[in-house]
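There are 2 protein chains.
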Amino acid sequence: MRGAWMRREIFEQPETVARLIDRETTRAFRLGAELRRRQVRFALLAARGTSDHAATVGKYLFGCRLGVAAGLAAPSIVTLYKSRLKLQGALVIGISQSGRSPDIVEVLRQARRSGALTLALTNDASSPLAAAARHTLPLHAGPERSVAATKTFTAQLAGLYLLAAGWQGGRGGEELLAKLREVPEELVDALGLDEDIAARMGHNLALERCVVIGRGFAYPVALETALKLKEAAGAFAEGASAADFLHGPIGMAKRQAGKSFRAILLLSRGPGLPTTRRVARRLRDAGVPLLEFGPPPVPDELSPFPLAVWGQLAAYHLALAKKRDPDQPEGLRKVTKTK
Amino acid sequence: MRGAWMRREIFEQPETVARLIDRETTRAFRLGAELRRRQVRFALLAARGTSDHAATVGKYLFGCRLGVAAGLAAPSIVTLYKSRLKLQGALVIGISQSGRSPDIVEVLRQARRSGALTLALTNDASSPLAAAARHTLPLHAGPERSVAATKTFTAQLAGLYLLAAGWQGGRGGEELLAKLREVPEELVDALGLDEDIAARMGHNLALERCVVIGRGFAYPVALETALKLKEAAGAFAEGASAADFLHGPIGMAKRQAGKSFRAILLLSRGPGLPTTRRVARRLRDAGVPLLEFGPPPVPDELSPFPLAVWGQLAAYHLALAKKRDPDQPEGLRKVTKTK
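If you're matching them up, the sequences are chains A and B in order.
For the first sequence, this note's numbering assigns the number 532 to the initial residue and increments by one for each residue that follows.
For the second sequence, this note's numbering assigns the number 532 to the initial residue and increments by one for each residue that follows.
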């Protein structure tokens, strides 16, 4: 059956998130206490592809919850240009499903040498990434067979949220942990839209090009959904921030409006909602067919979980509607090997 | 004449960069000395659209030249989510052509309150952004009339390179300054390809969709070139890192290969060149028509200047070939007003 692996892994997500919370809360809170003690004020997140989108959610979470500025590493600064970043006192997190991306391993190794507190977020606690980092938060997501990563993404998110809860500590940390404990159930609800999304993508099987738009916590999920649409369905999809999209790209969307072009909007019940709705109105006026997902009935801060699941299902069902196999996309390998 | 403003401003670039170096070297070196004295180890760059792509070049430059980790701000963390980032001891640079983007102004205001050293890079030294920041590096690029920013981008780059030279100081700083002084002449040479690029885009006027690919210092220019192609020519263009493109998106490119799809490769004489060439080979094998620009005869570190000019000319000439007016794109306003 086409896409059997991808489907199975999408549906494993409530369980993988629950398992991670169950097994790693203590470790995450211990690590969080160390981050507080050391007064870490800056985090650098090193990742590629799907993991980079999880890292971007982390950037919003650390900024909004903890007031900690976080940046995404450009691995080539270390691997190609051989620069040694001054990272003393910073937290550097390497995120990789396999723990075998050579460039992410190298960034962590260098960061540790330069005095950063290093953390590996990976499925494989015996991987080179885990060996390079001082701390490891194992994701327990189990082997991922589908080329398009799904359960890895939500497990990485859960790891970052656990860490943020531990880092915040006190009542705020407990409150975030309580919210996180609701996520597995919320993911079950999100998966309940499976048939609905199958029908919608069936009606939109002409989709070959699209923009995926979100704002705030929904923005990194727009990037991730665009990548799933590329990987699983072969569509030319670009993720964009609603704020940026109002300038420049909206003119492009008007030009591109046609039978194979769509705009997908990811909505969340947060302060970014009005901007995204404004973009939706302008696109509708321009004759661009819209597909809206959300807002899900969860706090804005937790919206990346259900929105990610809907994006995965959209990519999966679009591939099936097009009679493409999401488990056998062209030109893809599982482990990212870039140096 | 269609695109008269855009063309004029593209051709002003050697002069604007020369003027900026001429007028602001002293100030940039004084500011750089202060950054050294304060041992600033982390920079946050706040910008949108074109300015965000200049900021991304800055991230590579600060990392490679100075070993300083730099991150791009997500303005909504401050403006929508009302978070107060702990930025004491950090450098926060706001980059905005007009100096009137409300969200960038707000990020700088908050950063200054939280104890960051703040710097405005703007054309208008009497703008709200300049008022919000402790220091201003005026860009002297003159009024920009074209909606698609061109001379603003290279002026912002020149401002960031001047600052990096001053920050590095000593022999290294003088060496970078000497390289920067070559840039106006190199831009004249780059503009010499005007007719050649006009002819190439004329042969590719079917282009309606494309990926623009670069690595290392060429990567942010790929993002900027994609934006120019969207804004000026209405093409659906996405910028991508060659490293990321080998995984996932390359399968999409195979699916999309067809008469209106192209891949544009930005090449530079640096350590990222082999990866970009590898992507080029894989795309060619997949039947995707390629357009290559570069490598320019300049040091890799300075390649963003000529590559940016070629990207601008490509977007401008594609628009003309399509009989679209790059000065009057649909749905665009000049000042970014997102809150």
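What the hints contain is simulated information worked out from the structure, not anything from laboratory work.
Be careful, since some hints might not be right.
[Unchecked claim] Calculated lysine-lysine pairs in the DSS-like style (CA-CA distance at most 27 angstroms, straight line):
| no. | chain 1 | residue 1 | chain 2 | residue 2 |
| --- | --- | --- | --- | --- |
| 1 | B | K710 | A | K785 |
| 2 | B | K853 | A | K790 |
| 3 | A | K710 | A | K790 |
| 4 | B | K617 | A | K785 |
| 5 | B | K790 | A | K854 |
| 6 | B | K785 | B | K853 |
| 7 | B | K790 | B | K854 |
| 8 | A | K613 | B | K710 |
| 9 | B | K617 | A | K617 |
| 10 | A | K853 | B | K853 |
| 11 | A | K790 | A | K854 |
> Between A:K790 and A:K854, does the CA-CA distance stay at or below 27 angstroms?
Replying inline: holds (19 angstroms)
>> Between the alpha carbons of A:K613 and B:K710, is the straight-line distance 27 angstroms or under?
In response: Since the Cα atoms of A:K613 and B:K710 sit roughly 20 angstroms apart, the hinted pair holds (cutoff 27 angstroms).
> Does the alpha-carbon distance linking B:K790 and A:K854 stay inside the 27 angstroms limit?
Replying inline: Holds: B:K790 and A:K854 sit about 22 angstroms apart, inside 27 angstroms.
>> Would the hint linking B:K617 and A:K785 be met if the CA-CA limit is 27 angstroms?
In response: violated (41 angstroms)
> Are the Cα atoms of B:K710 and A:K785 separated by 27 angstroms or less?
Replying inline: violated (42 angstroms)
> Holds or violated: are the alpha carbons of B:K790 and B:K854 at most 27 angstroms from each other?
Replying inline: Holds: B:K790 and B:K854 sit about 19 angstroms apart, inside 27 angstroms.
> Is the Cα-Cα distance between B:K617 and A:K617 27 angstroms or less?
Replying inline: holds (19 angstroms)
>> Against the 27 angstroms threshold, does the CA-CA distance of A:K853 and B:K853 hold or violate the hint?
In response: violated (31 angstroms)
>> Holds or violated: A:K710 and A:K790, Cα atoms, limit 27 angstroms.
In response: violated (41 angstroms)
>> Hint check: B:K785 vs B:K853, CA-CA at most 27 angstroms. Holds or violated?
In response: Holds, because 25 angstroms separates the two Cα atoms, which is no more than 27 angstroms.
> Is B:K853 close enough to A:K790, meaning Cα to Cα at most 27 angstroms?
Replying inline: holds (20 angstroms)
Of the numbered hints stated above, those contradicted by the structure are hints 1, 3, 4, 10, listed in ascending order.
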